[in-house]
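> Just so you know, we're using UniProt numbering here: the sequence shown kicks off at 1 and counts up by one.
Heads up, a few of these hints could be off.
Here are the simulated SDA-like cross-link-like pairs (lysine to any residue), alpha carbons at most 25 Å apart as the crow flies [said to hold, decoys possible]:
| no. | residue 1 | residue 2 |
| --- | --- | --- |
| 1 | Lys74 | Val28 |
| 2 | Lys103 | Val28 |
| 3 | Lys103 | Pro113 |
| 4 | Lys274 | Thr125 |
| 5 | Lys103 | Thr183 |
| 6 | Lys274 | Val28 |
| 7 | Lys31 | Ile45 |
| 8 | Lys103 | Leu34 |
| 9 | Lys274 | Leu261 |
| 10 | Lys274 | Arg108 |
| 11 | Lys74 | Leu56 |
| 12 | Lys103 | Val38 |
| 13 | Lys274 | Phe109 |
| 14 | Lys74 | Ile133 |
Because the hints were derived from the structure by calculation, they are not lab data.
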Amino acid sequence: MAVISPVAHATAPVPQGGLRQSLHDSLVIAKRNLIRMVRTPEMIIFGLMQPVMFVLLFTYVMGGAIPVPGTDYKQFLMAGIFAQTVTFATAGAGAGMATDMSKGLVDRFRSLPMARSAVLAGRTTADLVQTAITLFVLVVVAFAIGWRTNEGFLSALGGVGLLLLLGFAFSWIGALIGISVRTPEAATTGGLVWLFPVTFLSNAFVPVGGMPAFLQTVAYWNPFSATVQACRELFGNQGSIPVADAWPMRHAVLASVLWSLVIIAVFATLSVRKYRSVHN
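All chains, full assembly: derive it from the sequences and hints.
Next comes the structure, spelled out in structure tokens:
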């Protein structure tokens, strides 16, 4: 009498190797995304056009109409433009993640014995590299129009580090959006719609003192504002502008680091959980 054995359900290979294997897998995915970026240079070109346009518009069109007692508006502006640039990379991260999912690429990755977090970590790492390239070009443009740092090279480098940390943190928000929507178009829209109030309800483009009292509180405790204030201090662009009494403004560097680490911890966890729930 023939014995019919139960049919085994196909499952994805179980990744091995712990943290070391996860880091390796993440770097492999990051390399794949960077190669794709190099092969599509228009992604870099269009990514550079928007921040450069913002610099020129705010400096030469609106700068004369926005007085900032205590410093030149050009010096006041650049920290805000830098921070806006790294956070707007969130939309690209979300769209890229949504594109990979819609084309079935993530499902093919899932069939490999690789860490589940590698797809997300690799995506955000590649976005960080692209953000660093954009930020470098923007710094060159800023110097060309007269912006300067006044606290030394190491202090300026610290400001750049805070900007990249904030951009990396926000890219995890983009990754969560990308795996939560159905199309790249929805990811792009979802990645931008909330960024405008975050960046404009802040100290990035105008002094907060001119806002209504309740908006001042929002602006002072905005994670984006903490990084902008920290960069102004590290770049030496604060001038004689008085610093607000709010804790994030008085301890801007520490607040910037803490906000970014909290965002990474929260949204990286949510992104990995969402990824696992979608593909289980």
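> Has the given pair, lysine 274 with phenylalanine 109, been kept, meaning a C-alpha gap of at most 25 Å?
holds, 16 Å
> Take a quick look at whether lysine 274 and arginine 108 sit within 25 Å of each other, Cα to Cα.
holds, 18 Å
> Does lysine 74 pair with leucine 56 here, judged by a C-alpha cut-off of 25 Å?
With a Cα-Cα distance of about 10 Å, the restraint between lysine 74 and leucine 56 holds, given a limit of 25 Å.
> Given the hinted pair lysine 274 and threonine 125, is their alpha-carbon gap at most 25 Å?
holds, 19 Å
> Below or equal to 25 Å on CA atoms is what counts here, so check lysine 103 against valine 28.
holds, 19 Å
> Are the Cα atoms of lysine 74 and isoleucine 133 separated by 25 Å or less?
The hint holds at about 22 Å.
> Does the structure keep lysine 274 and leucine 261 at a Cα separation of 25 Å or less?
holds, 20 Å
> What's the verdict on lysine 103 and valine 38, does the C-alpha distance respect the 25 Å limit or exceed it?
holds, 20 Å
> Tell me if the straight-line CA distance from lysine 103 to threonine 183 falls inside 25 Å.
holds, 10 Å
> Between lysine 103 and leucine 34, does the CA-CA distance stay at or below 25 Å?
holds, 18 Å
> Hey, lysine 74 versus valine 28, does the alpha-carbon distance stay inside 25 Å?
Roughly 41 Å separates the two Cα atoms, so the pair is violated.
> Lysine 31 and isoleucine 45: Cα distance at most 25 Å?
holds, 20 Å
Hint 1 from the list above is the single one not met by this structure.
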